[in-house]
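Line by line, the protein sequences are chains A and B. Using the working numbering, the first residue of the first sequence is number 111, and each one after it goes up by one. Using the working numbering, the first residue of the second sequence is number 4, and each one after it goes up by one.
Bear in mind the hints are in silico, worked out from the structure with no lab data behind them. The reader is advised that the hints may include incorrect statements.
[Claimed, not checked] Calculated lysine-lysine pairs in the DSS-like style (CA-CA distance at most 25 Å, straight line):
| id | chain 1 | residue 1 | chain 2 | residue 2 |
| --- | --- | --- | --- | --- |
| 1 | B | Lys109 | B | Lys5 |
| 2 | A | Lys119 | A | Lys181 |
| 3 | B | Lys109 | A | Lys119 |
| 4 | B | Lys101 | B | Lys73 |
| 5 | B | Lys70 | B | Lys5 |
| 6 | A | Lys119 | B | Lys45 |
| 7 | B | Lys101 | A | Lys181 |
| 8 | B | Lys109 | B | Lys59 |
| 9 | B | Lys101 | A | Lys167 |
| 10 | A | Lys124 | A | Lys193 |
| 11 | B | Lys45 | B | Lys109 |
| 12 | B | Lys101 | B | Lys59 |
| 13 | B | Lys59 | B | Lys73 |
| 14 | A | Lys181 | B | Lys45 |
| 15 | B | Lys73 | A | Lys167 |
| 16 | B | Lys59 | B | Lys70 |
| 17 | A | Lys180 | B | Lys101 |
| 18 | A | Lys167 | A | Lys193 |
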Amino acid sequence: DGGITQSPKYLFRKEGQNVTLSCEQNLNHDAMYWYRQDPGQGLRLIYYSQIVNDFQKGDIAEGYSVSREKKESFPLTVTSAQKNPTAFYLCASSAVTGGGETQYFGPGTRLLVL
Amino acid sequence: QKEVEQDPGPLSVPEGAIVSLNCTYSNSAFQYFMWYRQYSRKGPELLMYTYSSGNKEDGRFTAQVDKSSKYISLFIRDSQPSDSATYLCAMSAGGYQKVTFGTGTKLQVIP
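Chain A with its partners taken away, still in its complex shape:
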């Protein structure tokens, strides 16, 4: 089955701790994205990568870091500098179809602060 997997489904972070969210895709997509979703605010772009070994900051990158060492994988680290990390995190990969980019999402990771 082709798709995007995210793990874990739930993640708990203690104060001052860095945590890493996993995102893997087997769709052979070049571009991958991380979004944060808060109630009433829609999707906010954290980081994106259009090719291996390259990534760009999105609208709310502060307190987060990423790497893109493999085409299939785009892990997100929530650092201790992110003061309000409680949210639903979504990973996506994309392909250009029918004239535009279509993003496909993983099932999400819910991050909670202890």
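Since chain A is already given, all that's left is putting chain B on it; use the hints.
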């Protein structure tokens, strides 16, 4: 003003009703339009995409784009309780241009 506006709802309809979900936008460069369905605590699932203006139909779902009014719609015919979810519109200028999402409309279909 946000680039994409979407009424958050909630929108409650009886089973079997025709549902109309809408988004307005301000960026005239947008020409690629998508609709996603998101169940509670799940990732968004792509329903349909359209390029430029016109209608596109897929089963009970019809997507409509009116670029002159900067207005897009998703119609759901014969709505079912399983359609209860949040519906997100998304749009871009095409290619790998940035995709902008609406905040979503929560739909509840009452049996």
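Outcome of the hint check:
The hinted pair formed by Lys109 of chain B and Lys5 of chain B meets the criterion: a straight-line CA distance of about 19 Å does not exceed 25 Å. Annotation: proposed proximity of Lys119 of chain A to Lys181 of chain A holds, straight-line Cα distance about 22 Å (limit 25 Å). The suggested pairing of Lys109 of chain B with Lys119 of chain A holds, with an alpha-carbon distance near 23 Å, which does not exceed 25 Å. Pair hint Lys101 of chain B plus Lys73 of chain B holds up; C-alpha atoms about 18 Å apart against a cutoff of 25 Å.
Between Lys70 of chain B and Lys5 of chain B, the direct Cα distance comes to roughly 17 Å. Compliance with the 25 Å bound is thereby established for this hinted pair. With a CA separation close to 10 Å, the supplied pair Lys119 of chain A and Lys45 of chain B stays within the 25 Å bound. As the CA atoms of Lys101 of chain B and Lys181 of chain A are separated by approximately 20 Å, the hinted pair is consistent with the 25 Å bound. Simply put, Lys109 of chain B and Lys59 of chain B have alpha-carbon atoms about 22 Å apart, close enough for the 25 Å limit, and the pair holds.
This hinted pair checks out: Lys101 of chain B and Lys167 of chain A have alpha carbons roughly 12 Å apart, not beyond 25 Å. Distance restraint check for Lys124 of chain A and Lys193 of chain A: the Cα-Cα separation of roughly 11 Å lies within the 25 Å cut-off, and the hinted pair is therefore satisfied. Simply put, Lys45 of chain B and Lys109 of chain B have alpha-carbon atoms about 14 Å apart, close enough for the 25 Å limit, and the pair holds. A C-alpha spacing of about 23 Å is found between Lys101 of chain B and Lys59 of chain B, which places the hinted pair at or below 25 Å, so the restraint holds.
Our distance criterion of 25 Å between C-alpha atoms is met by Lys59 of chain B and Lys73 of chain B, whose separation comes to about 17 Å. Among the hinted pairs, Lys181 of chain A with Lys45 of chain B is consistent with the structure: their alpha-carbon atoms are about 24 Å apart, no more than 25 Å. Our distance criterion of 25 Å between C-alpha atoms is broken by Lys73 of chain B and Lys167 of chain A, whose separation comes to about 29 Å. Of the pairs offered as hints, the one joining Lys59 of chain B and Lys70 of chain B holds, with about 14 Å between alpha carbons and a cut-off of 25 Å not exceeded.
Restraint check for Lys180 of chain A and Lys101 of chain B: the C-alpha separation of about 23 Å stays at or below 25 Å, so the hint holds. Between the alpha carbons of Lys167 of chain A and Lys193 of chain A the distance comes to roughly 18 Å, so the proposed pair stays at or under 25 Å and holds.
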